[in-house]
Amino acid sequence: MNDESYWFRPPPRSRELPMAPVRDEPPPVEITIDGRALHASPNATILEVCRRIGIDTPTLCYLENLTPVNVCRVCVVEVVGSRTLVPACSRRVEGGMVILTDSPRVRLSRKMVLEFLGSSVDLSTAPQARGYLARYEASPTRYGSPAPPASANERDQREPGHHRAPSGETSETVAQPTKVDNDLYIRDYSKCILCYKCVEACGTDAQNTFAIAVAGRGFDARISTELNVPLPDSACVYCGNCIGVCPTGALMFKSEHDMRKAGTWNEPAQTQTDTICSYCGVGCTLTLHVQDNTIVKVTSPMDVSVTHGHLCIKGRFGFEHVQNRQDEPK
Amino acid sequence: MGGGTNSYSEIENTEVILLWGSNARETHPIFFHHLLKGVHNGAKLYTIDPRRTSSARWADSWLGLDIGSDIALANAVGREIIAAGLHHQEFIEHATTGFEEYARVVESYTLEYAERETGVPANVIREMAYTYATAKTGMICWTLGITEHHNAVDNVLSLINLALLTGKVGRYACGLNPLRGQNNVQGGGDMGALPDRLPGFQHVEVDEYRHKFEAKWGATIPPKRGKNLTQMFEAMATKELRALYVIGENPLQSEADQNHARHLLEDLDFMIVQDIFLTRTAELAHVVLPAAAAWCESEGTVTNSERRVQRVRKAMEPPKGARDDISILFELAKRMGRDWGTPNSEAIWDELRALSPVHAGMSYARLEAAKGLQWPCYDETHPGELFLHSRLWEQPLTGPRVAFNPVEHDPPVERLTPEYPFRLTTGRRLSEYNTGVQTAGYDSPLRRPETLDLAPEDAERLGVREGELVRVSSRRGTVDVAVRVDDCLRPGMTFMTLHFQDDVATNVLTIDATDPKSGTAEFKAAAVRVERL
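For the protein sequence lines, the chains are R and G, in the order given.
Quick note: the first sequence uses this note's numbering, first residue 1, plus one each step.
Quick note: the second sequence uses this note's numbering, first residue 1001, plus one each step.
These are computed hints drawn from the structure, not numbers from a lab.
Computed from a predicted structure; not experimentally measured.
All C-beta atoms, glycine included, are put in the ideal place defined by N, C-alpha and C.
A portion of the hints provided could be inaccurate.
[Said to hold, decoys possible] With a cut-off of at most 20 Å between alpha-carbon atoms, the simulated EDC-like pairs for lysine to aspartate or glutamate come out as follows:
hint, chain 1, residue 1, chain 2, residue 2
1, G, K1037, R, E115
2, G, K1212, G, D1379
3, R, K254, G, E1208
4, G, K1224, G, E1208
[As the list claims (entries may be wrong)] What follows is a list of derived Cβ distance ranges for each label pair:
hint, chain 1, residue 1, chain 2, residue 2, range
5, R, S5, G, K1371, 29 to 39 Å
6, G, E1408, R, M19, 37 to 47 Å
7, G, P1491, R, P232, 30 to 40 Å
8, G, L1533, R, A221, 45 to 55 Å
9, R, Q272, G, R1447, 23 to 33 Å
10, G, E1107, R, P21, 28 to 38 Å
11, G, S1363, R, G131, 49 to 59 Å
12, R, Q128, G, T1134, 44 to 54 Å
13, G, S1363, R, Q272, 15 to 25 Å
14, G, P1491, R, V229, 28 to 38 Å
15, G, L1086, R, Q157, 51 to 61 Å
Please take these sequences and the hints and turn them into a complete structure.
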């Protein structure tokens, strides 16, 4: 048969390449960063320009796949003429801006923020934050030894305005027992720096489930499910996108948590391999973290257009079946 | 060429989304992230689904149609667009054929008729028709709610007709997108795992294509199309087909009318099953070939719903005794007297590139660097196409015109009767997958056992309570299952999943009335009776 219809033959190639409509780019503006004059798009943030020219700006609450919320304040820079320091992650550049990223004022502010975090939060699984502490010579211990941890759920009961002033002899902390209420992931809020990333990922930036938000005020603020119910009673759908964005290990695969507790977590011995999830036709990239031929964690790269780093429950946690199989009997 | 015409990024920038017969919120969650960006950017979302699903909760308008009345609805939308003069005359004249015939066929699908047949209020149908037609951009996406019917292909054609009518295909943020249910449904078809195609959508009955493959392979290819899955089961019934080689599928549990399927499979002379598990189907096999998991224990590619070819990679060793699919096939070939050399996924891919023009530009190196490329990708400098069919807007038109294919409403094969008064439809839940072979392996906090979901009105009428065990019977079989009252269902409709076949064999109830064109069974529409125990 030699039917010419498109049912039998793929249609011919289009003459022009199909393209997205081109958006009008505003003309670049001239700015100065650390004495260096350069041009940048007024759509770019100070952080983006800094990264482009190789200035390593610390960030904790910022992530490429989330809307900036400006809460951690470690990315602040000095804009000459501005009364306050500005967050580099969200402030867009403007023509004539003179920016200082390493002035004494910037260094002092970053150091202070990091000291407060380091004195109140367990950063043992946050190597990036610990690196910043070293870089800015932050010394959290000068606020005294840590106060005893809160009991389970005690911090969750605190009402706004009921916070008692500390004695000043010990440093206040957010320490409390780890919340383990399901088989997939744990919440260790002793390690929470309130960066809001999990709230953003659970909300409009990715999952749109809105299972968590910030409850309480001031030092008593904490991430909470509705009415502080356990996860299985909450709106959570276990996509684990909150784990994916957490910068301190406060949210962690239960498998990782258990292995760390047992002393068997061995990151240098792990391989990371990108592959494609098998659970539907969307084609999400999974990064499989494998130790001793066992998948111990699943993430997704942020720079993949399909996922932007986000997964669903099946992609993130549904891998167990491949390791439930047995070797062929001899 | 068959594939989603758009890229996921386009749905973030479209004005109107018709999500038709799809609960993407649960079945394609990461696609739904892109869709929600579109909604947050101001897109109007219509969900057309018999159930008020978790996807429908995001919709501006939910069109809760009666199961199997999709064509009545689509044709009424088409008629309304034409009646209001909102069809894209210029595009129709430039790039299509058969408009007059289409207009004639849909003429009888008045709003009054559609309201009666579908249960959707006439003003809601009209509003959707006007919004879709007058928007600058709009996309239609669908899943198995369209295709698991006895007239699956006609259902799809009725949606394609709407896009042609309004010129909403071949342009940015305009198009037609089937959301694929498995990670390589698209790729399997692209690679020629269809009864009538060679890789790259080259029809096996076109001599020129067949000769090209024959020359490369040094073998003769049968010049006639083969059988689709349904035809294979029919051929088993007539004893024409006596041996079966099943790779990575569990037809015993996934086929409609399970008792019938079991009988046919048990009656075969010879069955090989190649799978990562000893599935229920494998238990019936004469030979079982233990396979490596394709997605994490072997190398290769898969293709997603936006036509993106992506690499799967070996992250771990399979259990001892299991081999990857390519190695098994190479070994089989060797035992049959053909030595294909050392199995190597890249070498196979390069052979494919030499034979399939739409994949020619996708080297492993480029797939690696670009994190996947979308077909068609004609050469190593081609970036891959963001959306398909832009040729239809070129002046003069490139290639042949496309045809309207008018189709008529044809309700589900199994009518409701006093004996079987309820409509049973089937589907998936967020944390589960198909027959549960894989998802049973992890502890999902969202998991709950199989239920018969009933509308509150029906539960009250039957005098049954949440959790109560009832007997559900169709003309083919009976299962006992607990009731769940679900206010997302309209009276007369019931819902079950296919996830827990070992506990509740839903497919004992489903009907194997199949679409002659695609071979898909009508999983979405059986007639059942519900009795108290």
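Structure-based check of all given hints:
no. : hint                            : result
1   : G:K1037 with R:E115             : 37 Å, violated
2   : G:K1212 with G:D1379            : 19 Å, holds
3   : R:K254 with G:E1208             : 57 Å, violated
4   : G:K1224 with G:E1208            : 14 Å, holds
5   : R:S5 with G:K1371: 29 to 39 Å   : 36 Å, holds
6   : G:E1408 with R:M19: 37 to 47 Å  : 38 Å, holds
7   : G:P1491 with R:P232: 30 to 40 Å : 31 Å, holds
8   : G:L1533 with R:A221: 45 to 55 Å : 52 Å, holds
9   : R:Q272 with G:R1447: 23 to 33 Å : 29 Å, holds
10  : G:E1107 with R:P21: 28 to 38 Å  : 36 Å, holds
11  : G:S1363 with R:G131: 49 to 59 Å : 38 Å, violated
12  : R:Q128 with G:T1134: 44 to 54 Å : 50 Å, holds
13  : G:S1363 with R:Q272: 15 to 25 Å : 23 Å, holds
14  : G:P1491 with R:V229: 28 to 38 Å : 33 Å, holds
15  : G:L1086 with R:Q157: 51 to 61 Å : 59 Å, holds
Hint check: violations occur at hints 1, 3 and 11; the rest are consistent with the structure.
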